[in-house]
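Engineer: In case you want the letters, here they are:
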Amino acid sequence: MAVEASRTSGILPASAPAPTAASSLPRYPALWLLALFLLILPAFGSDFVLIQLFGWTFILGMIALSLMFLGGYGGMVSLVQMTVAGCAGYMVAIFGTSAVAEISLGWPWWLAVVVAIVIATLFGTLSGALSVRTEGIYTIMITLAIASAFFYFTLQNYSIFNGFSGFNAVRVPQVFGIDWRAAVPFYYLTLFWAVIAYLAVVYVSRSPFGLALQGTRDNARRMEALGFNVTAHRIAAYAFASVIAAVAGVLLVWHGGQISPGTAGVGPVVDILIIAVAGGMSRPIGPFIGALIYVLLRTFALDVMEAVGLDGKRFQLLVGVGFLLIVLFSPDGVLGLWQRWHRRFLAPAAPPARGGVR
Amino acid sequence: MSRFIERHPAWALVAILALAFLLYLVLATWPPGLEEVLGRKRVFLTALINGITLGGLYFLVASGFTLIFGLMRNVNLAHGSLYLLGGYLGYEFANLTGGWVLSLVIAFIIIAALGMVLQFTIFRWMEGQDLRQTLVTIAISIVLADLMLWRWGGDFYQVPSPSWLTGPVQLPLVTAVRSSGEAVYLQYPLVRLIIFAGAVVIGVLMWLALNRTKVGMLVRAGVDDRDMLSATGVRVQLVFLGVFAFGAGLAGFAGVVGGTFQSLQPGEDTKILLASLVVVIVGGMGSIPGAALGALIIGLAEQFGSVYMPTYAVVLTFVIMVLVLAWRPQGLLRGS
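Protein chains in written order, with this note's numbering: chain A, 545 to 902; chain B, 1353 to 1688.
It should be emphasised that the hints constitute simulated quantities derived from the structure, not laboratory data. Computed from a prediction, not measured in an experiment: that's the story for all the values here. Hints may be right or wrong, so weigh each one.
Per the computed footprint, the stretches of chain B lying under chain A, defined by three or more beta-carbons under 8 angstroms from a beta-carbon of chain A, are [said to hold, decoys possible]:
#1 1358-1371
#2 1421-1435
#3 1494-1500
#4 1618-1629
#5 1674-1682
Footprint (simulated), chain B over chain A, 3 or more residues, beta carbon under 8 angstroms [what the hints assert, rightly or not]:
#6 685-691
#7 863-872
Heads up, the beta-carbon is just placed ideally off N, CA and C, and yes, glycines get one too.
Working from the sequences, and respecting the hints, build out all of it.
Structural biologist: The following block contains the structure:
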């Protein structure tokens, strides 16, 4: 009944487990400061900071956000999100232009992008439809199997996916006379879509559909008894998440200018899960925090490790151990750590936040 | 079997006809028309036996995986890493001692001990938190993969097989008849046949242990209802520890086996993990006969796929998984 009441009032009761979207409203001054910082960053940030740090963070953050939406609100940890993004990237390369002229069809960029997003969304939704027929922990296995199958398929197939080498020279188009390949326009492009994705997730999570989805996460049988079609809600959640991942995939292929099987290999697929879990799966901002940490580590860890006398090649070990520590000691990721600290020192009366990895 | 025939007479007829046709394909000398459709008989037979023996390897890995999942609800995504680690260790010990069988045993024991340590120090504390356990196994697999890369590098390794296992053996299967009327028999590597026989023996022993012994009874009871089992006074943690050790040990054992007739290299862990995932999804989670059936199907699909449709071999495996998921989400051999 609690769920029914919240459907009409629009506010989750305090007893309902987080993640609740209500607290993600930009009412904190820190969020406004962050927004201002991101907006004026091009004034003093170098091209490297804009593209390699923040552009990449936004893209990975969006993919992880789509996983956070499924995992945090729907209770379905899907490993197929990176594959959906990779699929969209491949489709842009195949329908648009690339250096592999024998395969690329050379359609106008807008048509290629739309078709790519539609196909990738279909792919993600179908994967979701397959995995929601089983319950809980099976999802992670089935989606991992689908993701690996996509990887090995793109690796072996030369007639469509151009095998091991994939596609390179996939260029960002010039639109409205602006060269979107340049650092500042591309930075704003990724920022724009990241913000749109973030707001869309916040909005959907508070819509009747999002609340019903959270209901299916907490008690699927009760939702079924209340007359909700649980399977349909879950598949719709996959469709929504796939759109976000697909948009991010288009940006991803433009960001790197190339796509190959390794882009959506098993490593990157797991990295997205690590980003989402490390950042925190209880709120939509978590994946972006996780992505920023990941990108910073990826970019600077090698130098730092060598500077302090460690072998820079052991980067994966660092990631693995770090992930292990986070899962063992703070299942809510960095957000969880911050909330715990916040609760203990600043606001002892705040209600406990739950959610994330259970 | 007879109950299946009574309940589904039509399907039973189809199955029997398919089996008879397969027997015909294996035993008969192929007429020219058939060779035009399926290619040379030697290729077909090799793919068939390769598929069956590969299924034996998959069964060894996947049965440990499915046992651990069935009892503890722990999706051990580090299973492939345990396989690869077992293979590397087996390689080291086989070179050190020269004993292949000994290296199998040592790999089993060491990986089983590692599994025990993992269960005792980590998984015991997060019982019932499926997702968290799975995330931990992912972290462990990343750490193990990098440690192995550190120690063994990116090279290929192959576990040396003993002299009594090397070389081909002649099977009593005619592949072709020469114009002189002399029959040509199929040559096949002995080591793969021995390994397959070993997998079958282990599978049968495991089935007997699960269905005919007291410990097996405890494990089966735990699969059905963990809480009731512990409520009856069984020290369920000990059962968990034993099963985790056994499942992990099987992965290490399979690593040496796989390292003997395939090769060991980084990335093999993911490949084997994917194979066991698909095997247990197809066969049914937590079911040993399901793992056997799934392993056979996937092994055959992979081999026939790579012979008859090289660029789509992976897709064939995947299509099988999708069809099973669409038709029987719980897997082929698992009651709903």
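Engineer: Indicate, hint by hint, whether the structure satisfies it.
Structural biologist: Status of each hint after checking the structure:
no., hint, result
1, 1358-1371, "violated (count 0)"
2, 1421-1435, "holds (count 3)"
3, 1494-1500, "holds (count 5)"
4, 1618-1629, "holds (count 3)"
5, 1674-1682, "holds (count 5)"
6, 685-691, "holds (count 5)"
7, 863-872, "holds (count 7)"
This entry does not satisfy hint 1, going by the numbered hints stated previously; all others are met.
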